[in-house]
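Model the full structure from these sequences, guided by the hints.
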Amino acid sequence: MASRCQCLQVLRQTFALYPASSLRDYVSQHYTHDARGNLLERLDNGKKARFTWDLYDRLTRYEDDRLTADFAYDALGRRVAKYSKAHCPPSTGAGPAWIEQQQRTLNTQYDCGRNIYGWDGELGL
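Residue numbers (the working numbering): 1 to 125.
Don't take every hint at face value.
[To be verified] No more than 27 angstroms apart at the CA atoms, straight line, and that leaves these computed lysine-lysine pairs for DSS-like:
#	residue 1	residue 2
1	K82	K47
2	K48	K85
3	K85	K47
4	K48	K82
If you're looking for bench data, these hints aren't it; they were derived computationally from the structure. Source: prediction; values computed, not measured.
Below, the structure is given as structure tokens:
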């Protein structure tokens, strides 16, 4: 990808765009894209989020400081499953029961778990 970008000022806000019109910078946010235009990384006030894509430009993984989410697709490219898990910060001196409880609490707080999506076919007209 070319390293040159176009900077625009609209209504007193400055945007930086890559040549393919992918947003690179906005206020305190910085975005990194791959050659196909997929978002790889978002840096927002020091908090980093990472995105992983497959060869068909489908999101396969999202990860930030709070959680990780993995996505699965069927042969037709439809998302069929999501598995997410909260990151539990390490605690010195904490026992396994406390760590397990903390993990459960964070998973509930961030709505993490396993989601499976179904498809019942086309609706008749």
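A quick look at each hint next to the structure:
no.: 1; hint: K82 / K47; in the structure: holds (23 angstroms)
no.: 2; hint: K48 / K85; in the structure: holds (17 angstroms)
no.: 3; hint: K85 / K47; in the structure: holds (18 angstroms)
no.: 4; hint: K48 / K82; in the structure: holds (21 angstroms)
When held up to the earlier numbered hints, the structure conflicts with none and fits them all.
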